[in-house]
Amino acid sequence: MNPDLNQLQPYPFEKLAALKAGVTPPAQPHIALSIGEPKHPAPALVKQVLVEQLGHLSTYPGSNGLPELRTAIAAWASRRFELGATLDPNRHVLPVSGTREALFAFAQAVVDRSQPDPLVLCPNPFYQIYEGAAYLAGAQPHFLNCVAANDFQPNFDAVPETVWQRCQLLYLCSPGNPTGAVLDATTLTRLIELADRYDFIIASDECYSEIYFDEAKPPLGLLQLCQQIGRDDFKRCVVFHSLSKRSNVPGLRSGFVAGDADVLKKFLLYRTYHGCAMPVQTQYASIAAWNDEQHVLANRELYRQKFDAVLEIIGTSLDVVKPEAGFYLWAGTRGDDTEFARELFRAENVTVLPGQFLARVSDGINPGFGRVRMALVATVEECVEAAQRIRRFVDSRS
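Just so it is clear: in the sequence shown, position 51 is 70 by the numbering used here, and no numbers are missing.
Calculated directly from the structure, the hints in this document are not laboratory data.
Please note: incorrect hints may appear among the correct ones.
Claimed, not checked - Once the Cα atoms are required to be at most 16 Å apart in a straight line, the calculated EDC-like pairs of lysine to aspartate or glutamate come out as:
#1 K254 to D281
#2 K284 to D107
#3 K58 to E320
#4 K58 to E400
#5 K236 to E101
#6 K341 to D170
#7 K285 to D131
#8 K254 to E212
#9 K341 to E362
#10 K236 to D203
#11 K39 to E362
#12 K341 to D327
#13 K236 to E320
#14 K284 to D252
As the list claims (entries may be wrong) - Okay, the calculated beta carbon distance ranges per label pair:
#15 T335 to G103: 42 to 48 Å
#16 S133 to E320: 35 to 41 Å
#17 P44 to N109: 49 to 55 Å
#18 H49 to D251: 47 to 53 Å
#19 N21 to A104: 56 to 62 Å
#20 Q47 to D327: 22 to 28 Å
#21 A63 to V340: 48 to 54 Å
#22 D281 to S381: 31 to 37 Å
#23 Q67 to D23: 39 to 45 Å
#24 Q407 to D355: 21 to 27 Å
#25 R365 to F232: 19 to 25 Å
#26 P45 to L288: 53 to 59 Å
#27 R323 to A63: 17 to 23 Å
#28 T43 to N21: 38 to 44 Å
Treat the numbers as computed from the prediction; the structure is a model and nothing was measured.
Where is the CB? At the ideal position from N, CA and C, for every residue including glycine.
Kindly generate the complete structure, drawing on both the sequences and the hints.
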């Protein structure tokens with residue numbers, strides 16, 4: 020067996036299941052705020068197209084996707100991120116079967132094992148795929164703490180030059196999971212300068228980019244920043260997007276990678292052997308989703324309602340503020356986060372995810388300690404009920 024498999028930790032939800040084992044909650048409906056699985060209805064037009072195209076169950080899909088899908092993706096990204104005509108659907112876009120597998124596979128294609136001690140940098144806390152991808156690619160993950168004192172963003176200026184010299188891949192997550200923090204133009208420009216100086220690739224995970232609260236201020240994307248600074252070839256810059264959160268279809272397993280054409284050419288070669296081509300019927304359903312914005316606007320409105328209602332209830336009970344984007348609350352528990360999560364489940368039958376399960380000890384601290392992630396993915400009514408139970412639980416402890 021691959022010895023690098025021994026470096027993988029149990030997934031956060033395995034740790035959560037172990038934490039809750041043997042605990043008997045009260046006899047009231049369980050409300051799960053622990054997993055970021057959208058519960059809003061999937062768009063009717065997506066379901067309709069998927070059914071209409073089921074005849075393609077007998078069709079092998081191509082690794083680079085249908086030209087119509089690449090065109091729809093390029094058109095959406097160009098509208099959303101003001102890219103003009105610079106994004107070529109035949110060179111700069113590659114459909115993928117969800118960004119989870121793409122983020123993992125990307126490291127396998129990018130990391131050069133022949134170089135001494137390669138590093139993959141990522142935020143801390145982080146989406147666990149980044150760590151596993153680094154280990155299985157033969158690299159070591161290097162964690163950049165995201166703490167309140169730095170607005171829950173990595174302090175890139177504090178990274179030693181010796182680390183940048185070994186860096187082959189930098190994972191970004193903006194808007195952040197679990198913090199909701201959004202990287203600004205100054206930071207992204209600085210990172211591109213560092214990528215050019217030290218010859219590494221930036222992989223920007225932007226899967227939460229379409230869940231935000233101010234319609235006049237959508238989160239900035241990495242390719243958008245490239246366009247603003249005249250980097251039309253998107254050199255060393257690659258972004259990852261998904262329909263899961265934007266369109267409430269996590270089971271569709273549909274997303275895309277876009278950016279540096281030379282990098283994507285090699286990534287396509289890898290994927291030809293990797294064998295994760297998107298089913299043709301899924302591709303047609305994805306075209307319908309990328310071409311429609313009305314369901315996305317309605318989706319954001321539901322999240323606004325939930326955040327406003329929940330924060331009004333628990334805003335004074337926990338250390339929590341409204342994030343810049345995304346559908347998570349990154350709440351301070353004023354104590355041990357695992358004990359908080361276990362006892363909340365015991366007292367109120369509400370499940371949240373301990374922050375330390377999403378992070379690793381780096382520079383002497385686990386930046387997730389003392390925080391829990393709450394995914395406001397359930398209905399407005401369920402989120403309000405969960406918030407009321409959480410406030411009752413916190414008040415009873417104090």
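Structure-based check of each hint:
no.: 1; hint: K254 to D281; verdict: holds, 8 Å
no.: 2; hint: K284 to D107; verdict: holds, 13 Å
no.: 3; hint: K58 to E320; verdict: holds, 14 Å
no.: 4; hint: K58 to E400; verdict: holds, 12 Å
no.: 5; hint: K236 to E101; verdict: holds, 13 Å
no.: 6; hint: K341 to D170; verdict: holds, 12 Å
no.: 7; hint: K285 to D131; verdict: holds, 13 Å
no.: 8; hint: K254 to E212; verdict: holds, 11 Å
no.: 9; hint: K341 to E362; verdict: violated, 24 Å
no.: 10; hint: K236 to D203; verdict: holds, 12 Å
no.: 11; hint: K39 to E362; verdict: holds, 9 Å
no.: 12; hint: K341 to D327; verdict: holds, 9 Å
no.: 13; hint: K236 to E320; verdict: holds, 15 Å
no.: 14; hint: K284 to D252; verdict: holds, 13 Å
no.: 15; hint: T335 to G103: 42 to 48 Å; verdict: holds, 46 Å
no.: 16; hint: S133 to E320: 35 to 41 Å; verdict: violated, 51 Å
no.: 17; hint: P44 to N109: 49 to 55 Å; verdict: holds, 53 Å
no.: 18; hint: H49 to D251: 47 to 53 Å; verdict: holds, 51 Å
no.: 19; hint: N21 to A104: 56 to 62 Å; verdict: violated, 44 Å
no.: 20; hint: Q47 to D327: 22 to 28 Å; verdict: holds, 25 Å
no.: 21; hint: A63 to V340: 48 to 54 Å; verdict: violated, 35 Å
no.: 22; hint: D281 to S381: 31 to 37 Å; verdict: holds, 32 Å
no.: 23; hint: Q67 to D23: 39 to 45 Å; verdict: holds, 44 Å
no.: 24; hint: Q407 to D355: 21 to 27 Å; verdict: holds, 23 Å
no.: 25; hint: R365 to F232: 19 to 25 Å; verdict: violated, 33 Å
no.: 26; hint: P45 to L288: 53 to 59 Å; verdict: holds, 55 Å
no.: 27; hint: R323 to A63: 17 to 23 Å; verdict: holds, 22 Å
no.: 28; hint: T43 to N21: 38 to 44 Å; verdict: holds, 40 Å
The earlier numbered hints that this structure contradicts are 9, 16, 19, 21, 25.
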